[in-house]
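Novice: Residue 225, in my numbering, is where the sequence shown stops; the numbers in between run on with no holes.
Hints listed in this document are in silico derivations from the structure and should not be mistaken for laboratory results. Some hints could be false.
Taking lysine to any residue and the SDA-like style, the derived pairs with C-alpha atoms no more than 20 Å apart in a straight line are [stated by the list, open to error]: (1) K88 to I33; (2) K46 to I93; (3) K88 to I134.
What follows is a set of in silico ranges between Cβ atoms, one per label pair, in the way DEER data are often shown [claimed, not checked]: (4) Q179 to L138: 25 to 35 Å; (5) L47 to S126: 20 to 30 Å; (6) V40 to V142: 15 to 25 Å; (7) I39 to S113: 19 to 29 Å; (8) V160 to L55: 33 to 43 Å.
Built from N, CA and C at the ideal position, the CB exists for glycine as well.
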Amino acid sequence: MIADWFTVTTDALINLWQGFLSFIPSLIGAIIIFVIGWIVSVAFAKLIAGILKKLRFNQMFEKGVWKEALQKADVKVDAAGFVGAVVKWALVIVFLMVAVDVLGLVGFASFLSNVLGYLPNVIIASFIFVVAVIVADLLEKVVRATVESIRVGYGHIVGVIIRWSIWIFALLAILMQLQITPALIQTIFTGFIALVVIAGGIAFGLGGKDVAGEITRDLYKKLKG
């Protein structure tokens with residue numbers, strides 16, 4: 001009986017050791033692939049960023065409406081560096097997928113494949129954010145100037161409403177692009193509408209009725225005059 005247990009234990013340890021020895025070449029190969037991939041990814045990303053900077057790609061975001069809007073949003077954009085970073089991490093994930101495949105980790109390789117497929121969504125969401133900053137600022141100015149040009153007044157209020165409306169729709173678009181759960185998006189939107197309605201109701205009930213009447217009469221007089 002003891003001899004049988006000894007034989008079983010010995011065989012198990014021998015199989016474990018043999019499995020470890022057979023795994024070492026795959027592990028070394030995976031490490032080499034990943035290290036080479038990291039070096040290639042960093043070098044290629046620097047090359048791409050350098051080429052874009054020489055082509056003055058960053059200057060597109062350093063003048064005109066782009067610059068002013070990004071400054072107001074307190075956003076510093078190194079467009080060439082951003083593109084380079086995206087390229088680098090995309091290549092890193094590709095080489096990591098190869099390394100993981102060498103190790104035979106199918107589940108982890110599938111996860112990395114999903115991450116790589118998700119990167120375009122992040123890029124598009126970032127683009128939506130930048131466009132929202134520019135469009136919100138531009139339309140706020142246009143609407144405010146238009147309202148004030150006809151001497152109606154309240155141009156600032158209308159401009160703020162326009163700006164936040166654009167931001168709300170941009171936020172929803174970003175969440176949808178990032179494939180956030182639709183139910184969560186609907187909950188956020190419903191909660192925001194409820195908050196606006198409740199706040200408006202409280203303000204109206206606490207004396208906003210008189211203020212609203214005064215604004216309406218003032219607006220009517222300006223339009224009539």
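Novice: Next, verify each hint and record whether it holds.
Specialist: Results for each hint:
no.: 1; hint: K88 to I33; result: holds, 15 Å
no.: 2; hint: K46 to I93; result: holds, 17 Å
no.: 3; hint: K88 to I134; result: violated, 28 Å
no.: 4; hint: Q179 to L138: 25 to 35 Å; result: holds, 29 Å
no.: 5; hint: L47 to S126: 20 to 30 Å; result: holds, 22 Å
no.: 6; hint: V40 to V142: 15 to 25 Å; result: violated, 47 Å
no.: 7; hint: I39 to S113: 19 to 29 Å; result: holds, 22 Å
no.: 8; hint: V160 to L55: 33 to 43 Å; result: holds, 38 Å
Checked against the numbered hints given earlier, this structure breaks hints 3 and 6; the rest are met.
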